[in-house]
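Construct all of the structure, not just a fragment, from the sequences and the given hints.
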Amino acid sequence: MDDDKPITEQAMGTITTAVEATKDAAVTAVKQVKKAAKKVTKKVAPKKTAKKKAKKAAKKTTKKAAKKSSKKAAKKAAKKAAKSKKKAKKAKR
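Residue numbers (my numbering): 2 to 94.
Everything labelled a hint here was simulated from the structure, so no lab data went into it. Errors might be hidden in some of the hints.
Computed list of lysine-lysine pairs in DSSO-like fashion (alpha-carbon distance at most 27 angstroms, straight line) [claimed, not checked]: (1) 84 to 68; (2) 35 to 48; (3) 68 to 57; (4) 69 to 80; (5) 53 to 35; (6) 84 to 72; (7) 57 to 73; (8) 81 to 69; (9) 65 to 80; (10) 56 to 43; (11) 69 to 84; (12) 57 to 69.
Here it is as structure tokens:
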């Protein structure tokens with residue numbers, strides 16, 4: 002501390018220095034956190050997207066399978082109905 006300067010000036014100088022140091026520390030901390038977050042996302046993101054793609058593919062396949070099975074069931078039902086009509090006609094004769 003300088004004895005020639007008033008105490009308020011000395012205090013202001015000290016506070017300013019402290020604020021600048023804190024600001025610099027905060028900026029470097031933010032940079033480090035961003036860097037770490039990027040590393041984590043690089044490791045985690047591909048897994049998440051793969052899971053999402055797998056889920057979508059599974060949904061599509063189940064939908065397709067459901068459509069196919071419903072179509073087959075409808076065709077079988079139509080065939081059975083046709084056969085039963087033919088049998089009914091023969092029985093009437």
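Can you give the numbers of the hints that this structure goes against, from lowest to highest? none
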